[in-house]
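**Student:** Could you put together the complete structure from these sequences and hints?
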Amino acid sequence: MRDRHLKYLLVLPAVVVVFATAIWPLIQSLILSFRTWKLSKSHVPGPFIGWENYSWALLEEPDFWNATVVTTVYTVLTVGCTTLIALGIALLLAPGGRLRLTVRTLLILPFAMSPALVGVSFRFMFNPEFGLFDAFFGLLIPPLAEVSWLADPTLAFAVCVMADIWGWIPFITLVLIGGIAALPKETVEAAYVDGASGFEAFRDVMLPQLAPVLAIVIILKSIFSIKTFDQIYMLTNGGPGTATQTLAHYAYFNGFKYYDMGFAASVAWIMVLPMIVLTYFYTRYVFRRG
Amino acid sequence: MALTNKQRKRLYGALHVALILITAAVMMVPILWISMAAFKTHVDVYQLKVVFTPTLENFETVFQSPYDLHHKLFNSTIVAFVTVLIAIPLATMAAYSFSRFRLFGERIMFVMILATQFVPAVVIVLPFFIMFRQLGILDTRIGLIIVNLSIVMPFAVWMIKGFIDGIPIDTEESALVDGSTRFQVIRNIVLPMAAPGIVTAAIFCFIIAWNDFLFALILTTNKAVTLPVGLALFKAEEGDLWNLLAAAGIIIMVPMFVLALLIQKHFVQGMTMGAVR
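Quick note, the sequences are listed as chains A and B, same order. Quick note: the first sequence uses this note's numbering, first residue 3, plus one each step. Quick note: the second sequence uses this note's numbering, first residue 13, plus one each step.
Hints were generated in silico from the structure; no laboratory data involved. Heads up, some of the hints might be wrong.
[As the list claims (entries may be wrong)] Far from chain A by the CB rule (all over 10 angstroms, computed), these chain B residues: (1) T65; (2) E72; (3) Q76; (4) P78; (5) L85; (6) A103; (7) F113; (8) I181; (9) V189; (10) R199; (11) A207.
[Unchecked claim] Pairwise CB distance ranges (calculated): (12) A:V75 <-> B:S186: 35 to 41 angstroms; (13) A:F201 <-> B:R22: 17 to 23 angstroms; (14) B:Q146 <-> A:P210: 53 to 59 angstroms; (15) A:E191 <-> B:Q276: 26 to 32 angstroms; (16) A:T107 <-> B:K247: 31 to 37 angstroms; (17) B:K247 <-> A:D206: 52 to 58 angstroms; (18) B:L147 <-> A:G243: 35 to 41 angstroms; (19) A:P242 <-> B:I181: 56 to 62 angstroms; (20) A:P276 <-> B:Q146: 28 to 34 angstroms; (21) A:V71 <-> B:Q196: 55 to 61 angstroms; (22) A:P64 <-> B:R22: 57 to 63 angstroms; (23) B:Q276 <-> A:L141: 33 to 39 angstroms; (24) A:Y56 <-> B:L115: 45 to 51 angstroms; (25) A:S42 <-> B:N200: 55 to 61 angstroms.
Heads up, the beta-carbon is just placed ideally off N, CA and C, and yes, glycines get one too.
**Tutor:** Here it is as structure tokens:
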């Protein structure tokens, strides 16, 4: 068979699968978002109602805006803290040596953990009676000793953010170590020879060269922060009240607790919009480097 | 008191080691703590005990009625395994073609494949839930496998393409000149050389499918429940059964730890789909 035909035949099955399992549901969700359909009342889809689901979410639902604010603050905090802490750890671990390589290997473990299990673990760590972190923070900051973290809206949110950062630091750190290893050594050394301090060499020489890798890391982490569901579900289930309810959790709740399919689809599609922007930037970076 | 250069260097060295050890501790403590709980009795869990008499009782209990964790273990294994078995051959074919040929609409297909991985899972699962309900395949492993392919398939294509890109094209070309067919080239030259990469991709995909939570939460209720969703079993009226939760946690995480350590060299490249090297 000629390559001319073969090359399309080779990609066809994969493209069909991606289309059927990812593109098709995406389009179906979009169509669904313009209908009214309460699954608890009817087995057949209701009529098209234009933008009503969207306007309902945007204009009539304080819970939607609550989820939007929660997701935004959550994303800013987790992306910012994870990137900063991971950059610090990456700089610490970048030089070789047995201790550093061992710790690098250990870092793989938290990332192989199911996010749902990360949620469970942190609920365990912050249990008011026998949670280790609860006891630790209680000793460190005495006013927190008697507080039940997951029952307090602000502290519960803080625990969610901590769990997320804990789960993502390993991966981001390993990516940044890879980025640092790829930097040409001469430039940093030249800066030292010119009398730059360690911090100056980092700020003026390393950081600008690391910028593309940092950009990719920040975009990728933002995408995953906006989507966060598993840990939240296991850790607080959106509570107390709606203090930790992210958009993904809000969409899930409307779709599979209230069975309001059309509305859930519109919330889900509102989440897709920032993804499109982020994916656009991500592909630009990926193709420029490739 | 001024420090000499040598003293300063030593001080920084010690400080770095201390910081590294603190990092390692913070990352490992939650894993160790929950692992320890799996070997504690119900009573010991409720006291912040570090020294205790380990027991395997929890692991026995979780495999008995009403928890029957072996059913969930079986479901998780089958779903992850079959998903990988479908995705990897198809992804390898596509990845080879993307890597070696120029295709019409290549860039659009690429962006499409990349972008689908970033779509929130809720968006994907809504239409599938409705369709599976009509077809009567809610709460089946087949349904879960289909939906897992939506994440695993694009990921596998990207990753394997990255590995095939790294294989020099010369040997292939000379074999073609010598009269080999394209199929012979793929089977005899490309597949053996790409094998480590393909295995790495397969392990990655297995971990992703195994750790999936949202799809299984929504699409299964009883028969096809997987391990991560099965964790919810241990919420009792009187509170969480932490010793059992921890035992189930070990069963979920330890196999993935082993797999992740097997492919640790490729971990970063795999997760960023070659975007960062």
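**Student:** All the hints need checking, so say for each whether the structure fits it.
**Tutor:** Going through the hints against the structure:
1. T65: holds (17 angstroms)
2. E72: holds (21 angstroms)
3. Q76: holds (21 angstroms)
4. P78: For P78 (chain B), whose nearest Cβ neighbour in chain A is about 19 angstroms away, the distance exceeds 10 angstroms, so it holds.
5. L85: holds (13 angstroms)
6. A103: violated (6 angstroms)
7. F113: Contrary to the label, F113 (chain B) does not stay out of reach of chain A, its closest Cβ about 4 angstroms off (not over 10 angstroms).
8. I181: Nearest chain A Cβ is 13 angstroms from I181 (chain B), so the label holds.
9. V189: Holds: least Cβ distance 14 angstroms, greater than 10 angstroms.
10. R199: holds (13 angstroms)
11. A207: With a cut-off of 10 angstroms, A207 (chain B) remains clear of chain A, as the shortest Cβ separation is near 18 angstroms.
12. A:V75 <-> B:S186: 35 to 41 angstroms: Violated, since V75 (chain A) and S186 (chain B) (Cβ atoms, about 59 angstroms apart) do not stay within the stated range.
13. A:F201 <-> B:R22: 17 to 23 angstroms: Since F201 (chain A) and R22 (chain B) have Cβ atoms about 19 angstroms apart, the given range 17 to 23 angstroms holds.
14. B:Q146 <-> A:P210: 53 to 59 angstroms: Given a distance of about 56 angstroms, which is inside 53 to 59 angstroms, the answer is holds.
15. A:E191 <-> B:Q276: 26 to 32 angstroms: holds (29 angstroms)
16. A:T107 <-> B:K247: 31 to 37 angstroms: holds (34 angstroms)
17. B:K247 <-> A:D206: 52 to 58 angstroms: holds (53 angstroms)
18. B:L147 <-> A:G243: 35 to 41 angstroms: The hinted range 35 to 41 angstroms holds for L147 (chain B) and G243 (chain A), with Cβ atoms some 37 angstroms apart.
19. A:P242 <-> B:I181: 56 to 62 angstroms: holds (59 angstroms)
20. A:P276 <-> B:Q146: 28 to 34 angstroms: For P276 (chain A) and Q146 (chain B) the Cβ distance comes to about 32 angstroms; the hint holds.
21. A:V71 <-> B:Q196: 55 to 61 angstroms: Check passed, 60 angstroms falls within 55 to 61 angstroms.
22. A:P64 <-> B:R22: 57 to 63 angstroms: holds (59 angstroms)
23. B:Q276 <-> A:L141: 33 to 39 angstroms: Given a distance of about 35 angstroms, which is inside 33 to 39 angstroms, the answer is holds.
24. A:Y56 <-> B:L115: 45 to 51 angstroms: This hint is violated: roughly 37 angstroms between Cβ atoms.
25. A:S42 <-> B:N200: 55 to 61 angstroms: holds (58 angstroms)
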